[in-house]
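There are 2 protein chains.
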Amino acid sequence: MKIPWAMPYIGEEELKEVIDTVKSTWVSMGPRVKKFEEMVAEYLGIKHAIAVNSGTAALDVALKALKIGPGDEVIIPAFTYIATANAVVYQHAKPVLADIDPKTFNIDPEDVNEKITKKTKCILPIDYGGQAPDYDALLEIAEDHNLFLLEDGAEALGGEYKGKKTCTFGDLATVSFHAAKLITSVEGGMVFTDDDKLAELCRIIRNQGEDPNRKYYHPVIGHNYRMSDLHAAIGIAQFRRLPEILEKRRKIAERYNEGFKDLDGVELPYVSEHVKHPWFFYPLLVDNRDKIIEYLNSKGIGIRVGWPVPIHKQPAYREILKGEQRYPVAEEVAERIINLPMYHAMTEEEQNYVIETFKEAVNKFCR
Amino acid sequence: MKIPWAMPYIGEEELKEVIDTVKSTWVSMGPRVKKFEEMVAEYLGIKHAIAVNSGTAALDVALKALKIGPGDEVIIPAFTYIATANAVVYQHAKPVLADIDPKTFNIDPEDVNEKITKKTKCILPIDYGGQAPDYDALLEIAEDHNLFLLEDGAEALGGEYKGKKTCTFGDLATVSFHAAKLITSVEGGMVFTDDDKLAELCRIIRNQGEDPNRKYYHPVIGHNYRMSDLHAAIGIAQFRRLPEILEKRRKIAERYNEGFKDLDGVELPYVSEHVKHPWFFYPLLVDNRDKIIEYLNSKGIGIRVGWPVPIHKQPAYREILKGEQRYPVAEEVAERIINLPMYHAMTEEEQNYVIETFKEAVNKFCR
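Chains as they are written, first to last, in our numbering: chain P, 667 to 1033; chain U, 667 to 1033.
Chain P on its own, in the form it takes in the complex (with noise of 0.2 Å):
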């Protein structure tokens, strides 16, 4: 048998909308953005959705928006994927690090409490696999120290804090469409906001900074972050399935959860009571990470590891991140964490024999 890690789920209904935005001519930024934007706005009950070319676009547009520069500094999980540290530092802020709670690997409160100091300027958390952290705690640090919280939903389509949806958090949120994600507009992303002006301001940003006024008149450094109307229109088709695909993904963890609920030397994903889980990743804690990877890809099964290095041992941080100290759950964790293959065309038959598999590989190693 051959699995893949993930695989997009696209048909009939993608190819309906590339088709008819192809026919129209009109396949740069336009009217199918706007239906994109205005349909996960709705969803997600947030005033404001600014979609752009990428998960890392947004998160540019969101640090950019909020007037992030040299000098300032933002607090991000050492744990995290490089383009959250990448975004700060193309507003040549410095990325401070904190530590993650060791049970769903997100940032942990206590941790961003220590690393205030008066050049912070916005807390960055991300939900790690789709998990919210703990938004409570966050948001109370931010307002005590008046701080921006800037959410990196990038998995978190579809997950839920407290009743309240992520990619909804703080001042701005972001969210990713790339291929591997939930739903896809094959590259992609938005901002989310609540705020009238931070949305114009992300708006202009995203086309150059240009203002909307004005053709070829610039008031602030924007980007060409725009996504395309043929992109959105895979979104459009990707985002009608998004119910059946969140549903499709909670069963194939509960499967795995049930397939994995006595076997030892392995760590189950540990689900907050506060969350809706959109599984984006099905994460295990496990010892002999590479031994089971091997067993595992010699038996057709793709694994990913999200993520096998920390920000501060990333090689592009060396000089950027010198002198810093270690962070010894996010360490442990990039060690010892493997996420099991879930996509929506997944059988039961498929499933079965990741456990099964997955099962003797704990087993020959992991004892």
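Keep in mind the hints are simulated off the structure, nothing from the lab. Some hints here could point you the wrong way.
Copies of the same chain look alike in the list, so a pair counts if it fits in one copy or across any two.
[Stated by the list, open to error] Lysine-lysine pairs mimicking BS3-like chemistry, simulated, CA-CA at most 27 Å apart: (1) K917 to K828; (2) K979 to K881; (3) K760 to K881; (4) K689 to K914; (5) K689 to K701; (6) K700 to K668; (7) K769 to K881; (8) K1025 to K881; (9) K863 to K979; (10) K787 to K760; (11) K668 to K927; (12) K760 to K733; (13) K682 to K700; (14) K881 to K668; (15) K785 to K988; (16) K863 to K760; (17) K701 to K830; (18) K785 to K760; (19) K988 to K760; (20) K988 to K733; (21) K701 to K682; (22) K700 to K689; (23) K881 to K1030; (24) K689 to K668; (25) K881 to K988; (26) K863 to K700; (27) K881 to K863; (28) K881 to K965.
In this text, all values refer to a predicted model and were calculated from it rather than measured experimentally.
Since chain P is already given, all that's left is putting chain U on it; use the hints.
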């Protein structure tokens, strides 16, 4: 009659490529991006083409590959699209402006010479409207002072300078495939180079700075600048049309030249004997530009002014270029330039209507 300034030429060929791509279910960066890169590289006679998601991204990748950083100076024309300057600012380097040639509207090599300091690292000329600047002079300056030369060839696919194709000059060159460009991949761009190491670094930077042999391991600060296969599908179909598109634009330019040859009060486009002009812009200099545009618009004719505001007068650059001197040629050109409609589907009747209406406007307002 309703005549837009530009109109993308998207038809059955593009639709077929897009359908094939969606049906293959591989829509993100993959085989079609590779094919598009190979087609363009072969046409240009250059070793490497690295496709990205915009012309702006191409400039950012190129400057990052050249390791331009804080404290460095990059000499750019005072008269250019904002992205040329922004890309320098993304590196927290300083854009240093040089004035332009009053005939080609391209960077003036003599003024480049004046602007070189110990901090200068790179000369970044554009090909205005697709027409090459004086590359012999610019390359000599770069060599004499040990500077990089990066060609911003956003508008220049299909052009030549002394028999060598534009988009191939200097250490690195870029192009844009924005929807209004000669050919389009909806949004997109490429970086070109003959240097294997620079090409490898550009590919890494485009893909989040990730080591191509080690997932989630990032030796450099990159970005998500990947072109999608869906966009490349459009690019591939468009690229096949390039000879036809160039020929059509040449004919429109000739017809305009012929139509305006006896018209007083207007300066016709100058074409250097050393270039082949791909005619992205058909630029004229006029007085009373606002009135002329108003008149043409009232007659249903779309006009572009590329560009009305030189870089040092852009509000986004007020702080960055504080105390900057004046650029008299750039300022005059920005005040007087006007770009007439040009697109593949343009009929002779439409061209004649533009010619006659423009003549009326000039006779009314430029005497």
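Here is what the structure says about each hint:
1. K917 to K828: Answer is within; shortest intra-copy Cα gap is 21 Å, inter-copy 65 Å.
2. K979 to K881: between (44 Å within a copy, 14 Å between copies)
3. K760 to K881: between (34 Å within a copy, 25 Å between copies)
4. K689 to K914: So K689 and K914 pass the 27 Å test across copies only (23 Å; inside, 33 Å).
5. K689 to K701: For K689 and K701, both the intra-copy (17 Å) and inter-copy (24 Å) Cα distances are at most 27 Å.
6. K700 to K668: between (39 Å within a copy, 26 Å between copies)
7. K769 to K881: between (51 Å within a copy, 24 Å between copies)
8. K1025 to K881: Between copies only: 25 Å across, 61 Å inside.
9. K863 to K979: Close across copies (25 Å), not inside one copy (37 Å); limit 27 Å.
10. K787 to K760: Result: close both inside a copy and across copies, 10 Å intra and 25 Å inter.
11. K668 to K927: within (25 Å within a copy, 69 Å between copies)
12. K760 to K733: both (14 Å within a copy, 19 Å between copies)
13. K682 to K700: both (18 Å within a copy, 26 Å between copies)
14. K881 to K668: between (52 Å within a copy, 20 Å between copies)
15. K785 to K988: both (18 Å within a copy, 26 Å between copies)
16. K863 to K760: Within. Shortest intra-copy distance 25 Å satisfies the 27 Å Cα cut-off; inter-copy 29 Å does not.
17. K701 to K830: within (23 Å within a copy, 45 Å between copies)
18. K785 to K760: both (9 Å within a copy, 25 Å between copies)
19. K988 to K760: Intra 12 Å, inter 25 Å, cutoff 27 Å: intra and inter.
20. K988 to K733: Both: 25 Å inside a chain and 19 Å across chains, each within 27 Å.
21. K701 to K682: For K701 and K682, both the intra-copy (16 Å) and inter-copy (25 Å) Cα distances are at most 27 Å.
22. K700 to K689: both (18 Å within a copy, 25 Å between copies)
23. K881 to K1030: Between copies, since 25 Å is at most 27 Å while 65 Å is not.
24. K689 to K668: between (37 Å within a copy, 21 Å between copies)
25. K881 to K988: Cα proximity of K881 and K988: across copies only (23 Å, versus 43 Å in one copy).
26. K863 to K700: Classified as within: same-chain Cα gap 18 Å, cross-chain 41 Å, threshold 27 Å.
27. K881 to K863: Cα proximity of K881 and K863: one copy only (20 Å, versus 38 Å across).
28. K881 to K965: Intra 57 Å, inter 20 Å, cutoff 27 Å: inter-copy only.
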